[in-house]
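Enquirer: Mind docking chain Z on chain L? Use the hints.
Letter by letter, the chains look like this.
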Amino acid sequence: MDHAYLTPLILAIIATATPLLLAATGELVTEKSGVLNLGIEGMMLMGAVSGFVTAKLTGSMVLALVAAGLTGMAMSALFGFLALVLLANQVASGLALTIFGVGLSALVGANWVGQPIDPLPVLFPAALAELPLVGPVLFAHDFLTYLSFGAIAGVWWFLYRTKAGLILRAVGDAHDSAHAIGYNVVKVRFLATLFGGCMSGLAGAYLSLVYTPMWAENMSAGRGWIALALIVFATWRPGRVLIGAYLFGAIAILQLHAQGAGLDIPAQFLNMLPYLATILVLVIISRDAVRIRLNAPACIGKAFHPAA
Amino acid sequence: MIMLERRRETSRVMKFASPLLALVLTVISGAALFGLLGFDPLEALYQFFIAPVMTSYGIAELLLKATPLILIGVGLAIGYRANVWNIGAEGQLIIGAIAGGAIGLALHGVDSVLVLPLMIAGGILGGMAWAAIPALLRTHFNASELLTSLMLTYVAELLLTWAVNGPLKDPDGFSFPESKMFHDSASMPLLLEGTRLHGGFLAALIVVLLGWFFISRSLPGYEVRVTGSAPHAARFAGFSQTVTIWMTLLAGGALAGLAGLFEVAGPVGQLVPKISPGYGFTAIIVAFLGRLHPVGILFAGLLVALSYLGGEMAQITLNMPLAVTGVFQGLLLFFLLGVDILLTHRIRIGHIKPRSAS
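These protein sequences, in sequence, are chains L and Z.
For the first sequence, my numbering assigns the number 8 to the initial residue and increments by one for each residue that follows.
For the second sequence, my numbering assigns the number 403 to the initial residue and increments by one for each residue that follows.
Think of the hints as simulated: they come from the structure by calculation, not from any bench.
All figures in this text were calculated on a predicted structure; none of them were measured in a lab.
Glycine included, C-beta positions come from ideal geometry on N, C-alpha and C.
When the alpha-carbon atoms are kept at most 20 Å apart in a straight line, the in silico EDC-like pairs for lysine to aspartate or glutamate are as follows:
no. : chain 1 : residue 1 : chain 2 : residue 2
1   : Z       : K582      : Z       : D572
2   : L       : K170      : L       : D180
3   : Z       : K676      : L       : E224
4   : Z       : K571      : L       : D271
5   : L       : K194      : L       : D180
6   : Z       : K582      : Z       : D513
Pairwise CB distance ranges (calculated):
no. : chain 1 : residue 1 : chain 2 : residue 2 : range
7   : Z       : K676      : L       : I188      : 48 to 56 Å
8   : L       : Y167      : Z       : R748      : 38 to 46 Å
9   : L       : Y167      : Z       : L607      : 51 to 59 Å
10  : Z       : T719      : L       : G121      : 22 to 30 Å
Chain L on its own, in the form it takes in the complex (with noise of 0.2 Å):
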């Protein structure tokens, strides 16, 4: 294929994948610690609008940045309190926190809509992106883009190749025996939680200082609940998660490409291709409910109170 069509292809994918595979990794760990957080979308938005406010007022993107990642944080924090201190239900305590987020992100981003800014820097020199081939593939990206695939190994390594991820495995797939050698399995699923947080954060942040940039209201349009998704297509697996963000990426790009080559198919129906291949991706994994079992964390949502 001709790589002048190619390489903006690849790129476009990237940006695609990126705020997917940011989102998911995050809740990848916190799913694995035996939490599930359904409020990825409401985390991302106050990610997004934390991030853009703060770059907007300060010039500076490392302060956006970090910005992005607490207020994630301090989202999560809101959600570990309710269902993982107050023992409410995950799937309510999840959906208030999208439903929160949807409405609070557009209330600090009131005055904000449709200003440009100019976008997360990228990381190398220029000259090292000009290089032929490679150049723009691997060296014309910011610092998130980097970071998501930096942050899947490291979350791999971390769950499989340290003692602490050893722990957090076993709190996600038996609270008990986890509490009762003498691990803290409240501790272990806030931090998890909150790391879940800052990664949905950063990865609104993506969206709002690199992808669009600027800042629109309910911006993530449903990106949080494919982030979800993606999980169970990855059968909480980090590898997969990377695989699958990029399968996702890949499907929506060709949907953009399909309308400017000039298919004779409503636009609309050319924007559905994601959502719809979320449910049929879904679909196949989700029918073999023994694989399913077999490496999803055994105690995802349930609540954990010790036996007193």
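Expert: Chain Z in isolation, oriented as in the chain L frame:
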């Protein structure tokens, strides 16, 4: 030191007191939020919670906005009781509106008392059909209805955009993506002249009664409750989980579709790209606030409808961003879920005394 101590049995008082406590906490934090935004908290609270219902027109608007919330809330509550997480009611509402609305447009100008019943049937069936997809995917492929029903909401929104830009677009409507206005026979009859309150509110009241009967007094309702609270016992008793999933999703879809048809044949009056300010999502809050009980949902629907009116009022009189409504609704659900711990636990300040062995 503040400790939580488990109660020996669920507190009956708290069952009713905790939603009120949640409301009080929401109002207090709402006042704080208004203060942060630079408004006089008391004036803002008055504009938000009192001013909208000071006129009879305002009360009619309250009942009008509560109608879809109550209808959808009852349907969702039936599912949530069985741990069937339909969060795609917004999509079912939209498809109900398209299906019922298309019938009204096909019969445009036909002056018959049958037009509206046909539209209503179309709305119910449309919502059911859309909810049948997650039901099928759950029962046959084990796919999470939570994610599939939500994804289908985005698909439904795009379908509506396509429909009002394409087949259902008003040919004489210049380039606006809107359908024709529904004619009189295809519009909901008004309950009060001079207001927008229509017969759908009576339907919502009937649904509350039917929902109460179904959940509390019927055998299938009992099976739903057991499936949700004691899945193993339900299996042992031979209750079919498949039937429960289908029944609860179809009921939720039917009521959401009905609510959608009421919106377009009522206050909206035509098909437009956006027919609901998120009633399908807000109804989730209504269902929980009403303790998944139809009568509770009736009151919860009225209260949450007030948050829409209050948001509009505060936008007009105080120039406050409309998004305040969503923040209020989110806070309300947060506090409600949080204070629920008081049902099963009590707060004790100081050290827990060891229980005497009995």
